[in-house]
Structure formats: structure tokens, C-alpha cells
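A.B. asks: Below are the chains, spelled out letter by letter.
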Amino acid sequence: MEISLIQNIVYIFSSILFITGIKMLGKEDTAVKGNFLSAIAMFVAVLVTFINISNPLILIAGIGLGAFIGSLIALKVKMTSIPEMVALFNGFGGLATFLIAWSEFNSTPDNLFQYILVMTTVYVGGITFTGSLVAYAKLSEKIQIAKTSIITKLFTTIFYISLVFLLYSVIVTPLLVTNFEFFTVLLVLTLLGGIGFVLPIGGGDMPVVISLLNSLSGIAAAFAGLILLNNVLIVAGSLVGASGLILTIIMAKAMNRSISNILFVGYASASSSKSSEEQGEVNPINVSDAYLILENASSVLIVPGYGMAVAQAQHVVRELGELLEENGTEVKYGIHPVAGRMPGHMNVLLAEANVSYDVLAEPDDVNPSMDSVDVAVVIGANDVVNPSATEEPGSPIYGMPIIEVHNAKTVFVLKRSMSSGFAGVQNPLFFKQNTRMLFGDAKESIGGVVSEFKD
Amino acid sequence: METYILLGFVLILSIYLGLELISKVPSTLHTPLMSGANAISGIALVGALLLTADSQLQTALAFLAVTFASINVFGGYLVTNRMLKMFKKK
Chain A
138 MEISLIQNIV YIFSSILFIT GIKMLGKEDT AVKGNFLSAI AMFVAVLVTF INISNPLILI
198 AGIGLGAFIG SLIALKVKMT SIPEMVALFN GFGGLATFLI AWSEFNSTPD NLFQYILVMT
258 TVYVGGITFT GSLVAYAKLS EKIQIAKTSI ITKLFTTIFY ISLVFLLYSV IVTPLLVTNF
318 EFFTVLLVLT LLGGIGFVLP IGGGDMPVVI SLLNSLSGIA AAFAGLILLN NVLIVAGSLV
378 GASGLILTII MAKAMNRSIS NILFVGYASA SSSKSSEEQG EVNPINVSDA YLILENASSV
438 LIVPGYGMAV AQAQHVVREL GELLEENGTE VKYGIHPVAG RMPGHMNVLL AEANVSYDVL
498 AEPDDVNPSM DSVDVAVVIG ANDVVNPSAT EEPGSPIYGM PIIEVHNAKT VFVLKRSMSS
558 GFAGVQNPLF FKQNTRMLFG DAKESIGGVV SEFKD
Chain B
29 METYILLGFV LILSIYLGLE LISKVPSTLH TPLMSGANAI SGIALVGALL LTADSQLQTA
89 LAFLAVTFAS INVFGGYLVT NRMLKMFKKK
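Chains as they are written, first to last, in this note's numbering: chain A, 138 to 592; chain B, 29 to 118.
Bound conformation, chain A alone (with noise of 0.2 Å):
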């Protein structure tokens, strides 16, 4: 009794240090310590849960395995794979919720709301530690599925089968507690049915989806509190929960998309846009011209998107920026919250590159001042710049807020080839007349011109 209270004392404790932690995470000046306080609250919750447990030995020895794994991979990691990183702990930590309901039920839940919650859970965190493991594979590229294939197909219907499943085992089978075959085929549909939730998913929703499993980790660790009557679980998941979905609902708005479209339908359903005859012909540009133009502008604006990523080309455009800057012209970065595949990719990237933070400005900061902008530099984005999501009301990304990059003086594109976005929508700011396309690696056009002003 004594040391449940003393437990439950620091817990509360704990509670505080992550609510502050998540708060000071979400302001510039102050996430470095807000991610320390919040891994204060971690350790104190987590000595403190030591005084009485049963068996501390092989425990110790499953938080040092974990602990040497998790730094490893952390302190080894390229700062380009941290997309795929982040959904891979993701998933791991999906994966020990999963495990914890699965134990609590053998140890036959002694209530109906305690039955349901140990099924939920389990729901939660295997879809959570599968999807997230697809979520892996496709951001690191390991696999590249149609969404159309049959096995894309199976695993979606498999999906659907495991919730209908679990629907059934909280509200009609509450009586089969003691059922371990019927809890075993729960256990085996949820894992197959999170590959399923996935796998349909394309690269450019990528961000919502992993906004999503982390909301759904949270969730699963806050249910999970629930189960073990545990408050600093509830506290911490819920707030796991909380910010993974206003991040799910921020990616969804810069795309204009219900969250439900994105998970359930996808781009295939648009309707087929009418515009991809009058497209007329593109002007092509080389690298001498656009290093001339670039000369003499004294505003550019950089717009960067996944082709960035994929060419890692940040160092160059970092570089291209300052010998700009020592030119006397003005540079900023137009983000936009949904380029890349993960909330706030670009911004990354350009910090690795040792961008600085205030000269990165989102789509609503940098679209009204456009027409005074000289150049404004694609590199290796689409939709987030397809003036058809303005202009053309029959277009199915009609109404995403974009960057109106075709509202600058002269617009460079830096692109490998005609291929059209990730929306599969034909971009008409290729035709334009102020366009300029800038074929190729963008790494060696943008390496280019940066040799061009040092000459």
C-alpha cells in the first residue's frame, strides 16, 4: 500500500514533466528541452515502477538489449532515412502494447469492460506495429507495390475482415473470455489486417498515414494504461494520441482531403481531367541560362519537394542559396507542409543541410508577395505547385492550397523527366510561359550552376 502510494505520487509527477515536455516540444525556442523533460518524465516513471516488480533481472535485461538496439540505430542513422526511422520505432512501440494486451489476457480478464478493452488494444497496437513496419519498408523503398495488385487487394480485404472481427469479439462474444482459439484468430487477423490498412496507401499520403499510426501508438498506450489501471500510461498516450492527430489533421487540410479519402480511396477515384490536351509545348532551359537568370534576380524563392530527397540535393541548394545571398540577392524557402513524406521532411533535410530555420517560410507567408518574386526554384516538387488546384474547378486536386509558384517572374522546374506527380494530374505549370524546365539530376543541375558562380 505504502509503495503504491509513493508510486502513484511520482507518477503524477511524471504526468507534469511530459505534459510541459510536449508543450515546449511544440515551440521552436524551447523543444530541445522540452524532448529532455519529457525523457526526465520517462526515466522517473519508469525507475519508480522498479520497486515492486516480479522478476527484475530479465527485465533489466530487456531494457538494456532495447536500450543498445534503440541508440544504436538513433546515433547511426542517416539524417535522410529518419521518415522510415521514425515509423519504425513507431511500430515497435505499437508492438509492445500489442504483447501487453496479449500477456493481461492470459490472465483472464475479470470483467467485460476489461475483456473489451484487452481485445481493443491488441487491435490497436498489432495494426499500429504492422502498418508501421509497411510504412517502413515503403518509405526505405524495400518494397513497391500497386495499389491495384492482387496481393494489395487480399491484404486490404483482410483488413476489413479483422475489424469486422473484432467488432464482433467486443460486442458479441463477451462470453467466450476464456477462448484462446478465437482470441488467437484475433491476433492473427489484426497483424495480417495492419499490412492491409498500409499497403493501399501512396507515397505522396504517406505523411498523413504516419501521422496517423502515430496517433493510433498513443492510443494503444493510453488503452493499455486503462487495462493496468495505470494513470501515467493514460496521460502520456493520450498526449501521443492528442498531437498525432493534429498533425494527421494539418496534413490532411494541405491536401484538402478528408482523412477517410486518403485511407479508403486514394487519387484512383478522381475523375479523369479534361485540360491534358492544351498543354502546348515546354521551353527548356540549360544550366548557363539559368545560372545567368539567377545572376541577376534579387528575390528567389526555393521550392523544394520529395525529388530533393530522392536526389539529396539539399547540400548543393544550400549552397547555391548562400552563393546567392553573397550575390545581394534575397532567398527564402517555400515549404509546404505536405512535400516529402513525413510532416515537416523539407525541414529537415534543409537542417541538415545547415539551413536556418527563418528563412524557411510556409505556402500562406510567401503566396501574396509572389508576383515580386524574380525566381522561383522547383526542385523536385509537383502537385504541391500544380496551378490546376486553383485554376481548374474539374481537377482532382482542385482546392489544395498550394505554393503559386506560377505567380513569380520566372519559374525554374527541376525535374528528371515529364512524369506527373504522385496525383497522377498532368501540371500545367510546365506550359507556362514564364516556366523554364531544367532537365535532370537535380543534385548535377543545381551542382551546375553552383560551379557557374564560382567561376
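Calculated directly from the structure, the hints in this document are not laboratory data. Just so we're clear, the structure is a prediction, and the values are computed from it rather than from any experiment. It is possible that part of the hints are untrue.
A short, non-exhaustive set of chain A residues, derived as facing chain B with CB atoms under 10 Å [claimed, not checked]:
(1) G171
(2) M216
(3) F235
(4) Q251
(5) F266
(6) A373
(7) S375
(8) P474
(9) S588
Per the computed footprint, the stretches of chain A lying under chain B, defined by three or more beta-carbons under 8 Å from a beta-carbon of chain B, are [what the hints assert, rightly or not]:
(10) 341 to 355
(11) 438 to 450
(12) 480 to 491
Just so you know, even glycine gets a beta-carbon here, dropped at the ideal spot from N, CA and C.
Starting from the known structure of chain A, arrange chain B on it as the hints suggest.
C.D. replies: The following block gives chain B in isolation, referenced to the frame of chain A:
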């Protein structure tokens, strides 16, 4: 049952608090926030430590849960810290 009602309150209030606290996060911090929140979801580690281990299966489950939650905790905090250190102002 009363306990669950009470814990349900805690759950709802915490989610609401979380939504209020983070609603205006700047886009620079989207990734670090996600990664930092991800580390916090490793709080499942506390849950994993509290598991009873009456059978071999349960001992194995507890060990695995502790291990994976620890990977989540250590990996998450370290990677977030590394990332945040890169963000610089002029």
C-alpha cells in the same frame, strides 16, 4: 467500474489537453514533434514492467514488450534530440 469511469475522465481530459497544447505547432517542428511524441508513446515500457509473469508465455511476452518499448524510448529520444540540434537560427 468506478475506477474505469475515473480513468476515463483522465483519458478524455488528457486528450483534450494535448489538442490544446500542440494546436499551433510551426511546420519546422512537425518531424521533431512526431518523433518526440513517438518516444513518449514508449511509456508502454512502464506497462510492460508491471505485467505479471505467471507462465513461461507471459514471461516471454513481458520480456519482448520491455525490449521493444525500450527500443522505442531510447531510439525515439535520441533521434529527436539529434534532429533538434540541427535546427539553427542565424
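A.B. asks: Check the structure against each numbered hint from earlier and tell me which ones fail, lowest number first.
C.D. replies: 9 and 11
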